[in-house]
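For this one, chain F is given, so just place chain Z on it according to the hints.
Protein chains: 2
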Amino acid sequence: MNVLLVYAHPEPRSLNGSLRDFSINRLEEAGHVVQVSDLYTMNWKAVLDANDSTVHEAGARFDPAADSKHAFEHGLQSADIEREQDKLRWADTVILQFPLWWFSMPAILKGWVERVYAYGFGYGVGEHSDVRWGDRYGEGTLAGKRAMLVVTAGGWESHYGPRGINGPIDDLLFPIHHGVLYYPGFDVLPPFVLYRTGRMDSERFARTCAELGKRLDDLGKTQPIAFRPQNAGAYEIPALTLRPDVATDQVGFAVHVA
Amino acid sequence: MNVLLVYAHPEPRSLNGSLRDFSINRLEEAGHVVQVSDLYTMNWKAVLDANDSTVHEAGARFDPAADSKHAFEHGLQSADIEREQDKLRWADTVILQFPLWWFSMPAILKGWVERVYAYGFGYGVGEHSDVRWGDRYGEGTLAGKRAMLVVTAGGWESHYGPRGINGPIDDLLFPIHHGVLYYPGFDVLPPFVLYRTGRMDSERFARTCAELGKRLDDLGKTQPIAFRPQNAGAYEIPALTLRPDVATDQVGFAVHVA
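Going down the list, the sequences are from chains F and Z.
Here the first sequence is numbered in this note's numbering, starting from 198 and rising by one per residue.
Here the second sequence is numbered in this note's numbering, starting from 198 and rising by one per residue.
Among the hints, erroneous ones may be present.
Here are the simulated DSSO-like cross-link-like pairs (lysine-lysine), alpha carbons at most 30 Å apart as the crow flies [as the list claims (entries may be wrong)]:
hint : chain 1 : residue 1 : chain 2 : residue 2
1    : F       : Lys242    : F       : Lys284
2    : F       : Lys242    : F       : Lys266
3    : Z       : Lys411    : Z       : Lys284
4    : F       : Lys266    : F       : Lys284
5    : Z       : Lys242    : F       : Lys242
6    : Z       : Lys266    : Z       : Lys242
7    : Z       : Lys284    : Z       : Lys418
8    : Z       : Lys266    : F       : Lys284
9    : Z       : Lys266    : Z       : Lys284
10   : F       : Lys242    : F       : Lys418
11   : F       : Lys418    : F       : Lys284
12   : F       : Lys242    : Z       : Lys411
13   : Z       : Lys242    : Z       : Lys284
14   : F       : Lys266    : Z       : Lys242
15   : F       : Lys242    : Z       : Lys418
Computed, partial: chain Z to chain F, Cβ under 8 Å [stated by the list, open to error]:
hint : residue
16   : Val233
17   : Tyr237
18   : Thr238
19   : Ser275
20   : Val310
21   : Glu311
22   : Gly376
23   : Tyr392
24   : Thr394
25   : Met397
A few chain F residues that face chain Z, going by a derived Cβ cut-off under 10 Å, partial list only [as the list claims (entries may be wrong)]:
hint : residue
26   : Leu245
27   : Ser250
28   : Pro303
Rather than coming from a laboratory, the hints here were simulated on the basis of the structure.
Think of the CB as a built atom: it goes at the ideal place given N, C-alpha and C, for glycine as much as any other residue.
Chain F extracted, bound-state conformation (with noise of 0.2 Å):
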């Protein structure tokens, strides 16, 4: 299948560098076609702004959704940008590699995001109305594909465990799994975490590797995070919330999983 990886770390003589590079070697000896989005080397502009449409009139006021609704619509998005979603049309699975910093991705990873998930692409997309409430969440442009996170945490496991200090890794990581990768429609794996990464020697990297190594050979098979669908009854539209009668008097992120 074709596999793009979008990285996020500024130094590939870096332990986030040596796994980027087993995983697109364990991926092609496995017959699978990889692009990587190295977004250091390639100098990503990571801030959203008026530049983003190749034609924003000097002095015009800038409305981040409708310019970028109206750049989708009518071809004229930044040339790096439309190269981006090509390559989220092209992926099967997309994994997105990167150190946890202050409990989330890089800054140039979130610039990605918000830049390529344009109006019409990663959001605003199908129809709103009191049945449904656009394609998202399980619907959308990314549907069908799979998606997996690849983290490094300087931190100890036990430090994002359920009374970690730092919260429980799972949440911290859900604003990410369920409103960035599930919402344009990914299917979205269970990530790898990888702690402790100051403490890392040969053996542990072995080990580390065969890990990861197994998780990139399950790709396809690895069973998706099980999010609720938005439009499949589940929820009440326009409020958008939980039915009562699903996960009845539960409350916060761990009840849209099912």
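Structure of chain Z alone, referenced to chain F:
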């Protein structure tokens, strides 16, 4: 008091721009001194990289933490980073104002956090031992100061409610409140969140300003979110999990609030 407003929206003639101007006026009329870091207008460099130190050797391996530590300790930080750190030292209260993009802060603001929160300033502060795990989560460089988010969202309030499809707003903001603000020492005030920004008229804008104005008037006396300090006994060290007798059997972000 001294108030730093860090503002991240690309268009001054926007709802966010109007709320920013309102806030500055309201604070100044109350006798406060206000500085604004208008990240788009400043053309803030969003991407953390080797150029954040003034002496990075071409071709040398870049280590984000080690290089940040070295630059911070030896006065070799990029001037834009130093200026923002000085503003943070100067401020009694810091307000971060931004539109919620993909369930988090815009990339330009994320990059402000990543670059300004240097090793030795935002993290890597204080003793790491068997009884203390650094000055963080309630202690640190910015202890004694207050912080508050002002956030706009296109979605409805119900979409961000306890059972709303986007996830509860308090949980979405937890990585910022707890992980970005409480971590280096801030007392974190409850956020001001404005929903359904596409439906704004002059009457609703006046009501919004009245509500925001009240929050600004009360900056000095609003009760902060009762996050638990890391080194005061609630957590096991070094596992950094809540002690079994604290919030017994509970899990998730909410256990970190007393």
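Status of the hints after comparison with the structure:
A C-alpha spacing of about 17 Å is found between F:Lys242 and F:Lys284, which places the hinted pair at or below 30 Å, so the restraint holds. Taken as a hint, the F:Lys242 and F:Lys266 pair is honoured in the structure, with Cα atoms around 19 Å apart against an allowance of 30 Å. As the CA atoms of Z:Lys411 and Z:Lys284 are separated by approximately 25 Å, the hinted pair is consistent with the 30 Å bound. Distance hint between F:Lys266 and F:Lys284 is fulfilled; the C-alpha atoms sit about 20 Å from each other, no more than 30 Å.
Distance restraint check for Z:Lys242 and F:Lys242: the Cα-Cα separation of roughly 10 Å lies within the 30 Å cut-off, and the hinted pair is therefore satisfied. Taking the CA atoms of Z:Lys266 and Z:Lys242, the gap is about 19 Å. The hint holds against a cut of 30 Å. Among the hinted pairs, Z:Lys284 with Z:Lys418 is consistent with the structure: their alpha-carbon atoms are about 22 Å apart, no more than 30 Å. With a CA separation close to 37 Å, the supplied pair Z:Lys266 and F:Lys284 exceeds the 30 Å bound.
Distance check on the hinted pair: Z:Lys266 and Z:Lys284 sit about 20 Å apart at the alpha-carbon level, within 30 Å; holds. The hinted pair formed by F:Lys242 and F:Lys418 fails the criterion: a straight-line CA distance of about 34 Å is larger than 30 Å. A distance of roughly 22 Å separates the Cα atoms of F:Lys418 and F:Lys284; the hinted pair therefore holds under the 30 Å criterion. Taking the CA atoms of F:Lys242 and Z:Lys411, the gap is near 38 Å; set against the 30 Å cutoff, the hint is violated.
The hinted pair formed by Z:Lys242 and Z:Lys284 meets the criterion: a straight-line CA distance of about 17 Å does not exceed 30 Å. A distance of roughly 26 Å separates the Cα atoms of F:Lys266 and Z:Lys242; the hinted pair therefore holds under the 30 Å criterion. Between F:Lys242 and Z:Lys418 the CA atoms are separated by roughly 41 Å; this puts the pair beyond 30 Å, and the hint is violated. Hint status for Z:Val233: violated, given a least beta-carbon distance of 18 Å to chain F, over 8 Å.
At about 7 Å, the closest approach between the beta carbon of Z:Tyr237 and any beta carbon in chain F falls short of 8 Å, and the interface hint on this residue holds. Given hint, Z:Thr238 at the interface with chain F, is violated; its Cβ is 11 Å from that chain's nearest Cβ, farther than 8 Å. Below 8 Å, beta-carbon pairs count as interface contacts, and Z:Ser275 has none with chain F, the closest being about 14 Å; its hint is therefore violated. With its C-beta approaching chain F no nearer than about 5 Å, Z:Val310 sits inside the 8 Å limit, and its interface hint holds.
Taking 8 Å as the C-beta cut-off, the interface hint given for Z:Glu311 holds, the closest approach to chain F being about 6 Å. Checking Z:Gly376 against chain F: minimum C-beta separation of about 4 Å stays under 8 Å; hint holds. Below 8 Å, beta-carbon pairs count as interface contacts, and Z:Tyr392 has none with chain F, the closest being about 12 Å; its hint is therefore violated. Taking 8 Å as the C-beta contact cut-off toward chain F, the hint placing Z:Thr394 at the interface is violated, the least distance being around 10 Å.
Given the 8 Å rule on beta carbons, the hint for Z:Met397 is violated: about 13 Å separates it from the nearest Cβ of chain F. The beta carbon of F:Leu245 comes within 7 Å of a beta carbon in chain Z, closer than 10 Å, and the hint placing it at the interface holds. For F:Ser250, the suggested interface contact is broken, since its CB lies about 12 Å from the closest CB of chain Z, more than 10 Å. At about 7 Å, the closest approach between the beta carbon of F:Pro303 and any beta carbon in chain Z falls short of 10 Å, and the interface hint on this residue holds.
Figure legend: structure checked against the earlier numbered hints; hints not met, in rising order: 8, 10, 12, 15, 16, 18, 19, 23, 24, 25 and 27.
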